[in-house]
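Q: As they're listed, the protein sequences go chains L and S.
Letter by letter, the first sequence follows residues 1 to 248 of the working numbering.
Letter by letter, the second sequence follows residues 1 to 233 of the working numbering.
Be aware that one or more of the hints could be misleading.
Footprint (simulated), chain L over chain S, 3 or more residues, beta carbon under 8 Å [as the list claims (entries may be wrong)]: (1) 61–72; (2) 93–99; (3) 167–175.
So these bits of chain L aren't anywhere near chain S, every CB distance computed over 12 Å [what the hints assert, rightly or not]: (4) Asn18; (5) Leu27; (6) Ser36; (7) Val121; (8) Ile126; (9) Leu158; (10) Leu170; (11) Ile175; (12) Phe221; (13) Phe239.
Here are the simulated lysine to aspartate or glutamate pairs, DMTMM-like style, with alpha carbons at most 20 Å apart [claimed, not checked]: (14) Lys139(S) to Asp120(S); (15) Lys88(L) to Glu74(S); (16) Lys89(L) to Glu30(S).
Hints in this document: simulated from the structure, not taken from any laboratory.
C-beta: ideal position from N, C-alpha, C; glycine also.
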Amino acid sequence: MRSVNAVFYKQLRDTLKNTPTLFQFILYPMMALIMSVMAVPDFEGIPEDMLAIIADNMPNMVTMMATVFAGMGLITVIPGIITEDTEKKSLRFMTMAGVKPLSYIIGVSGVIFFVSIFTSVAFSLIGGFTGLDFWIFTAAMMSGVAGSIMLGATIGVLSGAHQAAQGLALPAALILGFGPMIAQFNDTVARVLHLFYTQQLNIVANYLTQGGVDTPLWQSFGIMWANVAVLGLLFVLVFKKKWPVAFT
Amino acid sequence: MTSIRMKNVEKSFGENKVLKGVTFDTHEGEIFGMLGPSGSGKTTIINILTKQFSADSGECHVSAASHEIGLMLEHDGLFSRLSCLENLVVFEKIYGIPRARSIEALERVGLGESLKIAADKLSKGMRQRLTLARAVLHKPKIMFLDEPTSALDPLTARGIYQLIKELRDSGTTVFLTTHNMQEAVSLCDRVVMLHNGIIIEQGNPDEICNRYNATKIISDLEAVFVQLTGGLK
Chain L
1 MRSVNAVFYK
11 QLRDTLKNTP
21 TLFQFILYPM
31 MALIMSVMAV
41 PDFEGIPEDM
51 LAIIADNMPN
61 MVTMMATVFA
71 GMGLITVIPG
81 IITEDTEKKS
91 LRFMTMAGVK
101 PLSYIIGVSG
111 VIFFVSIFTS
121 VAFSLIGGFT
131 GLDFWIFTAA
141 MMSGVAGSIM
151 LGATIGVLSG
161 AHQAAQGLAL
171 PAALILGFGP
181 MIAQFNDTVA
191 RVLHLFYTQQ
201 LNIVANYLTQ
211 GGVDTPLWQS
221 FGIMWANVAV
231 LGLLFVLVFK
241 KKWPVAFT
Chain S
1 MTSIRMKNVE
11 KSFGENKVLK
21 GVTFDTHEGE
31 IFGMLGPSGS
41 GKTTIINILT
51 KQFSADSGEC
61 HVSAASHEIG
71 LMLEHDGLFS
81 RLSCLENLVV
91 FEKIYGIPRA
101 RSIEALERVG
111 LGESLKIAAD
121 KLSKGMRQRL
131 TLARAVLHKP
141 KIMFLDEPTS
151 ALDPLTARGI
161 YQLIKELRDS
171 GTTVFLTTHN
181 MQEAVSLCDR
191 VVMLHNGIII
201 EQGNPDEICN
211 RYNATKIISD
221 LEAVFVQLTG
231 GLK
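Put together the whole structure using the sequences plus the hints.
A: Take a look at the structure:
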């Protein structure tokens, strides 16, 4: 517990002082806010009822950016942290001092999860989610965040080096972050991505903002948690096999 | 009492045999120096003793648990965005020791007025001192110092020598590697000379100099080394 606390302290301080990383947590809600304000259709000469139809059919910016944040931002952040600590040999000093690898991962992930709560709340405020909707959105966001933390940690441990980590993280982030956006316009992509947690996060957020979603909430949450469990298992397997190499 | 013991240790990296039957032991509360040029196998010995590598053969014993060891290695491993104090607080939390010890350690290495400066804003010498403060924070039983004063100005190096001697006086065993003869002469109670993975001489610096009819001055210990190895080829 002492080790987890120490790693949590280190990571929280480091995240708050690391502008590019911190920016990941601010950028997406900020973009959602700006795009929500700018994307109000206001074309001269088009009747108001037509504008309302256009507005109804436009993808919701909060939904879109929340999915991109959970799917894309975090998958690149976690491997970045792990590989930086590995390459700078900070991890070696921590493990020599008695920090178990699992305590390190829990500490680092804990900070990312914690800071993501604030980002999720920011999305809720921009999206105007209150009452039960707020809790449903937060639960969906944090499930997505948990999935990305697992996947990011797996990539971080698997690659060991920053360059290699980015090579693995970027394609995964593009598929998981942008896939649901494309799925809004393409049914085939939507069917393919149906079992992915970011697609389900997108569906839950769409349900809250626009309603009329076919997938029931319980099913979306079920798929997201199944994703977290599978990614967790994948992480454990990679961790057991690769970790000793990662910190020497 | 023996603190560290190595017996017939061998280690290869691929075709390259780095250690060829290294045998030595260190006593509790002494400053033990491992002398040798770059590439002679000094860092490999530290890595084996701190369990970062395993030896191919031979015996190895360190009479301290990993959390009772202080480290100052080639890579400082500092958290570059964190301040000097925050860097130590991380380890203070790992070891479960009070905050006062971090501040005391920083003051001891002359960084008492740089508590809030980020590690990446420090000069090379200050980073070295911060690394030393981290190594002594938990009052370790054994300290491993890998070329602790390389690239430091003489004044900073002298401060670090003083601190190492204080550690020895408080009962810590100090194991240091160096290719700096001055460091060995002014600091070490005993030294071993390592060349191409083989120990070519060991003992008290005075004894070694006497053995080769040299006086205990820096140039003479250096001369003994050159005489034994034939210089660097």
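Q: Next step is simple, just say for each hint if it's right about the structure.
A: Tested hints:
1. Taking a C-beta to C-beta cut-off of 8 Å, the region 61–72 of chain S contributes 4 residues in contact with chain L, enough for the three needed, and the coverage statement holds.
2. Counting residues of the region 93–99 of chain S whose CB falls under 8 Å from any CB of chain L gives 4; the rule of at least 3 is met.
3. With a cut-off of 8 Å between beta carbons, the region 167–175 of chain S has 0 residues touching chain L; three or more are needed, and the interface restraint is violated.
4. Residue-level check failed: Asn18(L) sits 6 Å from the nearest beta carbon of chain S, not beyond 12 Å.
5. The beta carbon of Leu27(L) is kept farther than 12 Å from every beta carbon of chain S, the shortest such distance being approximately 19 Å.
6. Once the 12 Å rule is applied to beta carbons, Ser36(L) is consistent with being away from chain S; the minimum gap is 33 Å.
7. Non-interface status of Val121(L) relative to chain S is upheld: no Cβ of that chain comes within 12 Å, the nearest being about 25 Å off.
8. In this structure Ile126(L) is separated from chain S by more than 12 Å, as the shortest Cβ-Cβ distance comes to about 29 Å.
9. At the 12 Å boundary, the C-beta of Leu158(L) stays outside the reach of chain S, the nearest C-beta of that chain being 21 Å off.
10. Distance to chain S confirms Leu170(L) as a non-interface residue, since its nearest Cβ pair spans about 24 Å, more than 12 Å.
11. Listed as a non-interface residue, Ile175(L) keeps its Cβ farther than 12 Å from every Cβ of chain S; the least gap is roughly 31 Å.
12. Distance check on Phe221(L): its Cβ is at least 36 Å (rounded) from any Cβ of chain S, clearing the 12 Å threshold; non-interface status holds.
13. The Cβ of Phe239(L) lies farther than 12 Å from every Cβ of chain S, with a closest approach of about 19 Å, so its non-interface assignment holds.
14. Taken as a hint, the Lys139(S) and Asp120(S) pair is broken in the structure, with Cα atoms around 26 Å apart against an allowance of 20 Å.
15. A C-alpha spacing of about 11 Å is found between Lys88(L) and Glu74(S), which places the hinted pair at or below 20 Å, so the restraint holds.
16. Note on Lys89(L) and Glu30(S): the hinted pairing is violated, with a Cα-Cα distance of about 28 Å set against a maximum of 20 Å.
Of the numbered hints stated above, those contradicted by the structure are hints 3, 4, 14 and 16, listed in ascending order.
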